[in-house]
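Number of protein chains: 2
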Amino acid sequence: MKGSVKIDTQNLTPEEVFITTPQDFKLPEPLPLDCGRVLKEVNIRYETAGTLNADASNAVLVTHALSGDAHVCGRHTPDDRKPGWWDEMIGPGKMVDTNKYFVICSNVIGGCSGSTGPQSIDPDTGKPYHMNFPVITVADMVRAQKQLIDHLGIKKLLAVLGGSMGGMQVLQWAVSYPDMMNAVIPIATACQFSPQNIAFDWVAREAIKADPNWNGGEYTEDTVPARGLAAARMLAHITYLSEESMSRKFGRSLQNKDAGNSYEYDFDFDFKVESYLQYQGQRFVERFDANSYFYITRATDYFDLTAQTGGDLAKALENVKAAFLVVSFSSDWLFPTRQSKEIVDALLKNRKQVSFCEIKSGYGHDAFLLEVNTLGRMVRDFLHHQQGRR
Amino acid sequence: MKGSVKIDTQNLTPEEVFITTPQDFKLPEPLPLDCGRVLKEVNIRYETAGTLNADASNAVLVTHALSGDAHVCGRHTPDDRKPGWWDEMIGPGKMVDTNKYFVICSNVIGGCSGSTGPQSIDPDTGKPYHMNFPVITVADMVRAQKQLIDHLGIKKLLAVLGGSMGGMQVLQWAVSYPDMMNAVIPIATACQFSPQNIAFDWVAREAIKADPNWNGGEYTEDTVPARGLAAARMLAHITYLSEESMSRKFGRSLQNKDAGNSYEYDFDFDFKVESYLQYQGQRFVERFDANSYFYITRATDYFDLTAQTGGDLAKALENVKAAFLVVSFSSDWLFPTRQSKEIVDALLKNRKQVSFCEIKSGYGHDAFLLEVNTLGRMVRDFLHHQQGRR
Numbered sequence: 001m002k003g004s005v006k007i008d009t010q011n012l013t014p015e016e017v018f019i020t021t022p023q024d025f026k027l028p029e030p031l032p033l034d035c036g037r038v039l040k041e042v043n044i045r046y047e048t049a050g051t052l053n054a055d056a057s058n059a060v061l062v063t064h065a066l067s068g069d070a071h072v073c074g075r076h077t078p079d080d081r082k083p084g085w086w087d088e089m090i091g092p093g094k095m096v097d098t099n100k101y102f103v104i105c106s107n108v109i110g111g112c113s114g115s116t117g118p119q120s121i122d123p124d125t126g127k128p129y130h131m132n133f134p135v136i137t138v139a140d141m142v143r144a145q146k147q148l149i150d151h152l153g154i155k156k157l158l159a160v161l162g163g164s165m166g167g168m169q170v171l172q173w174a175v176s177y178p179d180m181m182n183a184v185i186p187i188a189t190a191c192q193f194s195p196q197n198i199a200f201d202w203v204a205r206e207a208i209k210a211d212p213n214w215n216g217g218e219y220t221e222d223t224v225p226a227r228g229l230a231a232a233r234m235l236a237h238i239t240y241l242s243e244e245s246m247s248r249k250f251g252r253s254l255q256n257k258d259a260g261n262s263y264e265y266d267f268d269f270d271f272k273v274e275s276y277l278q279y280q281g282q283r284f285v286e287r288f289d290a291n292s293y294f295y296i297t298r299a300t301d302y303f304d305l306t307a308q309t310g311g312d313l314a315k316a317l318e319n320v321k322a323a324f325l326v327v328s329f330s331s332d333w334l335f336p337t338r339q340s341k342e343i344v345d346a347l348l349k350n351r352k353q354v355s356f357c358e359i360k361s362g363y364g365h366d367a368f369l370l371e372v373n374t375l376g377r378m379v380r381d382f383l384h385h386q387q388g389r390r
Numbered sequence: 001m002k003g004s005v006k007i008d009t010q011n012l013t014p015e016e017v018f019i020t021t022p023q024d025f026k027l028p029e030p031l032p033l034d035c036g037r038v039l040k041e042v043n044i045r046y047e048t049a050g051t052l053n054a055d056a057s058n059a060v061l062v063t064h065a066l067s068g069d070a071h072v073c074g075r076h077t078p079d080d081r082k083p084g085w086w087d088e089m090i091g092p093g094k095m096v097d098t099n100k101y102f103v104i105c106s107n108v109i110g111g112c113s114g115s116t117g118p119q120s121i122d123p124d125t126g127k128p129y130h131m132n133f134p135v136i137t138v139a140d141m142v143r144a145q146k147q148l149i150d151h152l153g154i155k156k157l158l159a160v161l162g163g164s165m166g167g168m169q170v171l172q173w174a175v176s177y178p179d180m181m182n183a184v185i186p187i188a189t190a191c192q193f194s195p196q197n198i199a200f201d202w203v204a205r206e207a208i209k210a211d212p213n214w215n216g217g218e219y220t221e222d223t224v225p226a227r228g229l230a231a232a233r234m235l236a237h238i239t240y241l242s243e244e245s246m247s248r249k250f251g252r253s254l255q256n257k258d259a260g261n262s263y264e265y266d267f268d269f270d271f272k273v274e275s276y277l278q279y280q281g282q283r284f285v286e287r288f289d290a291n292s293y294f295y296i297t298r299a300t301d302y303f304d305l306t307a308q309t310g311g312d313l314a315k316a317l318e319n320v321k322a323a324f325l326v327v328s329f330s331s332d333w334l335f336p337t338r339q340s341k342e343i344v345d346a347l348l349k350n351r352k353q354v355s356f357c358e359i360k361s362g363y364g365h366d367a368f369l370l371e372v373n374t375l376g377r378m379v380r381d382f383l384h385h386q387q388g389r390r
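Line by line, the protein sequences are chains A and B. Quick note on this note's numbering: the first sequence kicks off at 1 and runs consecutively. Quick note on this note's numbering: the second sequence kicks off at 1 and runs consecutively.
No lab work stands behind these hints, which were simulated from the structure alone. Some hints here could point you the wrong way.
[As the list claims (entries may be wrong)] Have a look at the derived ranges for each label pair, beta carbon to beta carbon:
1) G310(B) / D266(A): 18 to 24 Å
2) E29(A) / K360(B): 55 to 61 Å
3) I19(B) / T220(A): 32 to 38 Å
4) R351(B) / S247(A): 52 to 58 Å
5) K360(B) / F267(A): 35 to 41 Å
6) D266(A) / R81(B): 38 to 44 Å
7) R248(B) / K341(A): 16 to 22 Å
8) K341(A) / A314(B): 21 to 27 Å
[Unchecked claim] Residues from chain B that keep clear of chain A, each with C-beta distances beyond 12 Å, as calculated:
9) F25
10) L33
11) V42
12) S57
13) R75
14) S113
15) G114
16) T137
17) A207
18) N213
19) E218
20) K321
21) L348
22) S355
23) E358
24) T374
We put the CB at the ideal spot given by N, CA and C, even for glycine.
Using the sequences plus the hints, can you model the full thing?
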């Protein structure tokens with residue numbers, strides 16, 4: 001262990017503030033990419049929680065979804081308003097207990113939260129890449145993460161776990177580096193994006209393109225394509241919820257008006273679901289970059305575990321060695337249970353070790369961030385079992 | 001019958017070209033609207049097919065969906081490339097046989113295909129209304145249609161039928177004018193839009209707003225917000241298809257490339273589903289107006305048959321007199337079968353005459369335009385039975 005873990009969490013109780021600190025790892029060599037180009041001077045922003053044990057056997061890599069980042073748990077400062085995105089599940093004494101496990105999470109390349117992405121400076125020109133950044137694949141993201149894991153002195157991960165695009169990375173890890181982990185937990189994901197999802201991504205990017213501020217990706221901090229990016233996020237956000245959760249959460253309630261016959265017809269946001277989306281869109285613009293949105297969504301569009309095997313998923317998975325826990329959510333229509341079952345079936349065909357659970361939930365795709373108790377218990381027990389097997 | 005039917009179809013066989021002609025009816029009085037404003041000098045663009053019989057008892061009103069128009073069947077000229085939007089179902093010798101029935105279809109107010117809408121000249125200013133056009137409701141659309149039916153000398157329609165937003169008009173007809181028809185056929189519709197649908201409409205309009213050409217609705221023929229309107233249409237188009245139909249039609253096939261490992265990663269349209277959507281978006285811009293898109297989608301957002309009855313659908317339907325044929329499609333997720341069943345349940349609670357069928361189809365919401373054989377047979381038999389009952 002090379003001393004990159006600066007926070008000693010052993011003396012913290014779950015009640016105390018749990019501090020995590022962003023760190024940077026600069027890849028020593030240029031990173032070769034699937035598109036044929038190489039990426040120079042790559043930085044990986046990452047965070048860790050817990051302590052790597054003496055034989056480096058308690059490391060759990062968490063991979064993040066489209067709009068996630070390296071800040072998976074804890075707070076950066078004691079008065080941070082918001083903790084990491086999976087803080088409810090990961091931390092000292094939590095379901096993924098950082099008193100037991102050494103948790104690592106890194107921002108994907110192509111992203112906009114510290115790792116090298118389209119807004120980074122191209123060393124060849126001294127200017128931001130913008131849309132000259134090379135197209136990134138999920139396998140490229142994983143290739144960069146592998147270098148981080150090597151750098152941290154970890155020969156074999158206890159597990160790789162993640163949801164949505166994070167789940168795609170999990171699957172890619174199991175295929176690309178079969179000897180590098182005991183177990184994988186792909187959650188609310190699929191071995192390939194459906195045409196419907198590709199279509200939604202296309203329209204989201206078209207909405208960004210329609211914003212003149214986007215300007216082919218050549219915008220500055222003062223001229224971000226806020227309107228287009230907000231529209232893209234709102235569209236995506238609809239796909240993260242279920243019809244059921246939207247109906248329960250908003251119904252047809254109006255904003256600042258009584259329902260019923262008191263309609264004052266209007267084109268401004270009027271229904272509560274509209275003002276909610278508007279708020280989500282605006283918040284997203286504050287923390288996410290439009291060009292990154294192009295690169296990361298395109299990575300999910302192109303992701304296809306069966307691309308090299310002529311559509312044969314069993315063949316694509318024949319060399320994996322990890323034990324699988326595959327989790328889906330009943331109301332998730334972005335990554336329906338059917339797609340998780342395809343993975344399970346292909347693993348069973350190969351006589352691989354696989355557990356599967358569809359969690360009953362009304363939250364849609366967002367359930368992987370919200371059903372923390374049910375999901376967390378499952379992950380906890382599975383990790384515990386994997387550790388016992390070593 | 002006031003002689004407004006100019007086409008004698010009696011001598012045409014289905015093999016011959018069936019000509020229909022757009023006609024205009026100017027409302028004699030200003031039209032009062034739900035929003036409290038009145039619309040002056042309203043024009044209704046409509047078409048008819050078949051001949052009204054002596055006792056005016058064979059009239060069938062067809063109501064159109066969001067992007068539809070009055071041109072429901074036949075061709076305007078013998079060499080017209082495309083017939084009306086429901087031509088496969090309606091015409092001489094067809095399922096809705098214009099040798100028997102007098103079919104009427106009119107463009108909704110707020111539309112952009114001949115009836116008064118936001119691009120019409122405001123008689124008070126001599127300039128186009130644009131976004132100063134009053135907000136239109138589905139009940140307003142129906143109120144205008146009622147005047148057309150009166151003008152045509154029809155005391156009682158044999159039936160009112162339509163799908164999607166057309167189905168909303170059908171339901172509104174049954175409630176607003178219970179003595180005006182023998183039967184109604186609401187297809188692939190609901191008594192109210194779900195919050196998910198409202199959300200999709202919101203994002204579609206946001207995409208139009210993000211296009212600087214929209215300019216608050218103040219564009220000219222040379223500066224239409226084509227990019228935003230195309231994005232809006234593409235988004236809506238995804239909701240008209242099913243995941244199943246998209247997978248079957250496009251899969252993950254690439255445009256002009258072999259599948260598999262020959263990806264050349266790209267942000268231009270690459271997947272076939274992307275180029276298909278792009279094409280649909282561009283075609284839509286040629287025939288539809290962005291401001292109309294605002295008005296008509298807003299009418300569907302606000303449509304709620306239960307708005308006056310505190311959410312009680314049975315109460316909302318207690319005074320209807322028409323016999324109902326309610327039709328849904330199994331893979332329609334924009335107006336799922338559940339919503340049709342709500343209508344059926346409310347009618348049964350009131351001991352109304354109602355038939356219901358969910359047609360098994362993989363086409364999603366578009367099935368109401370594509371499952372012509374199954375739907376048409378059902379409509380034919382139901383209409384025949386209604387005529388027999390007179």
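### Query
For which of the previously enumerated hints does the structure constitute a violation, in increasing order of number?
3, 4, 8, 10, 16, 17 and 18
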